[in-house]
Amino acid sequence: MQPLHERQRGFAAALLDSALAVPADLIGPDGQPCPKRFAVYRNNVVVGLIEALRANFPAVCRIVGEEFFRVMARAYITSEPPTSPILLDYGAGFANFIGRFEPAATLPYLPDVARIERAWTEAYHASDAAALAPAALATIPSDRVPDLCLAVHPSLRIVRSQFPALTIWRMNVDDGVPSPVDLESGGEDALVVRPAAGVEVRSMPPGGAEFVAALANRQSLAEAAEAAMSAYPLFDLSTSLAALIGVGVFVGYSFAEGACPIETKVRPT
Amino acid sequence: MTSHSASRHLRPIPARAGVGLKPEHYRSILDTNPDIGFFEIHAENYMGAGGPPHRYLGEIHNRYPLSLHGVGLSIGADRRLDRDHLQRLRRLIERYQPGLFSEHLAWSTHEAMFFDDLLPVPYTSETLVRVTDHIDEVQETLGRQMLLENPSTYLTFAESTYSEIDFIAEIVRRTGCALLLDVNNVYVASINQQWDPTRYIDEYPLARVQEIHLAGYTREADDKGRPLLIDTHDRPVDEIVWRLFEHAIARLGPTPTMIEWDAKIPAWPELKAEADRAEAIMCSMRGKGHSRAAFA
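So the sequences go chain by chain: A and B. To get my numbering, take the position in the first sequence, counting from 1, and add 895. To get my numbering, take the position in the second sequence, counting from 1, and add 62.
A hint or two may mislead.
[Unchecked claim] Listed next, with one range per pair, are the computed distances between beta-carbon atoms:
#, chain 1, residue 1, chain 2, residue 2, range
1, A, S1074, B, D324, 34 to 40 Å
2, B, E308, A, P1003, 42 to 48 Å
3, A, T1001, B, A111, 34 to 40 Å
[Said to hold, decoys possible] Derived lysine to any residue pairs resembling SDA-like cross-links, with alpha carbons at most 25 Å apart:
#, chain 1, residue 1, chain 2, residue 2
4, A, K931, B, T223
5, A, K931, B, A325
6, B, K84, A, I945
7, A, K931, B, K84
8, B, K84, A, E946
9, B, K286, A, N938
10, A, K931, B, K286
11, A, K931, A, P953
12, B, K286, B, E221
13, B, K286, A, A914
It is worth saying that the hints were derived from the structure and are not from the lab. Where a beta carbon is used, it is the ideal one built from N, C-alpha and C, also for glycine.
Please put together the full structure from these sequences, using the hints given.
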């Protein structure tokens, strides 16, 4: 009789590698081997994980089609199986995997579409925090504004793409209608945040990603504006700031004395 | 959003029908306030830090009793329990104070990997020690009794030396845990293993059953053309499972009963109708059932 750990090691190995033979002494009601019965477990594991990925990457699935998605997801599952029972976390490496997945190389924007979807899922499950109301900043004396440090919402994610990935994502979710997109039309930066009940996905103007990333890294408004303008000299600070406040990107503020004291965390995606 | 509502306290699960809570039904439930006994959640689906899942669950739990069903603890694995995961469960239980907590006689982890399935264990004395140690640790860490669910299985291990029921009865005896009787699993396993499902229910340690699960299965065939039922939770409860449920209720008396529907999720009224049917069966059989009444 084989010990339990050997039994489970053999069972586990054969689950994910269908080239391996069905482990010995797994039998049907007549006491005889019955490979189709083991195949149920093989199938359950892979189908369950493909479904988990499909639920989190609906636009990627719509772009490549069901059949292609299943093949790609299966390859990912074999290469990076989940390590946690919390499947809402599964798929963190899917975008990078797609970038390495040879058959998807003809769709160079696909990894960035996956990054937007991943950012959406992360924002959806992130910690809750009340967004700063626009009026909250109205009373700040103008001479203190440059030293303002804004704390960003814990759900904030930024996805930068050299392709129009956000446009493509929008066309492939909900009621979106796909239409031809000029891949040479330039990159897009997406801002993803969940200030209240719903996840917001917004396009950012040039310099916007640098601006938000600087604020998220606890730099003052003056430093963040400088970062934005060195990326894009025509960056419109007041319009951008108003738009970010309007979406609900900020949850608090303080004033810089050296570095900003606020505890914030950002994970640029 | 405050997660610790003052009104949220441990509410026992009534001897009524409930359903597995699905995001697809959040709005229908909150808009229509259906008359239903309780809702059950998969613990792992509510282990995110925040966001809409907790917001909806909090609102629903303010109106209904809640039970917690774990699918990732891997009690049957030949390795230490994942302590981080056990702590996550503990925190979830502290936050929502569920009336019942159940897990499976199965394993789903090996080394660093998590398999999204409930894999079967051989019924040997070695497995018995592993499983009872794990259940002891779970009950100690969570500070409460857990319910263990009978599995749906597709094959048998040649090395098994216990029958499934003797194995479960011995776990109960050693750990003091309670049981969940999944009637669909009884039927699926019985057809797959050529057991008598009615006899399975009769021999199950009914005095320890605190909850019943019902679900739908898919019919396939094995290499030799024998029926092979798959526990898919993607359709209504089968008529034959309803009859087994009646048999179980005749023995048990009214028991918290949950409809599991986890794939191809139907519109809310269709799921609610399944719960209504379970409740009607329990109402029509009121006065019957001695197995637990005598024990309580």
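Status of the hints after comparison with the structure:
Distance hint check: the CB atoms of A:S1074 and B:D324 are about 36 Å apart, consistent with the given range 34 to 40 Å. Separation of B:E308 from A:P1003 is about 60 Å and departs from the stated range, judged on CB atoms against 42 to 48 Å. As the Cβ distance of A:T1001 to B:A111 is approximately 37 Å, the hint placing it in 34 to 40 Å holds. Only pairs whose Cα atoms come within 25 Å are accepted, and A:K931 paired with B:T223 is accepted, the gap being roughly 24 Å.
Using a Cα cut-off of 25 Å, the hinted pair A:K931 and B:A325 holds, with the two alpha carbons roughly 22 Å apart. Note on B:K84 and A:I945: the hinted pairing holds, with a Cα-Cα distance of about 19 Å set against a maximum of 25 Å. Under the criterion of a C-alpha separation no larger than 25 Å, the hint pairing A:K931 with B:K84 is inconsistent with the structure, at around 31 Å. Restraint check: the Cα-Cα separation between B:K84 and A:E946 comes to about 15 Å, which is no more than 25 Å; the hinted pair holds.
For the proposed pair B:K286 and A:N938, the alpha carbon gap of about 19 Å is at most 25 Å, so the pair holds. For the suggested pair A:K931 and B:K286, the alpha carbons sit about 9 Å apart, so the restraint of at most 25 Å is met. The hinted pair formed by A:K931 and A:P953 fails the criterion: a straight-line CA distance of about 31 Å is larger than 25 Å. Taking the CA atoms of B:K286 and B:E221, the gap is near 22 Å; set against the 25 Å cutoff, the hint holds.
A distance of roughly 22 Å separates the Cα atoms of B:K286 and A:A914; the hinted pair therefore holds under the 25 Å criterion.
Of the hints listed earlier, those the structure fails to meet are numbers 2, 7 and 11, in rising order.
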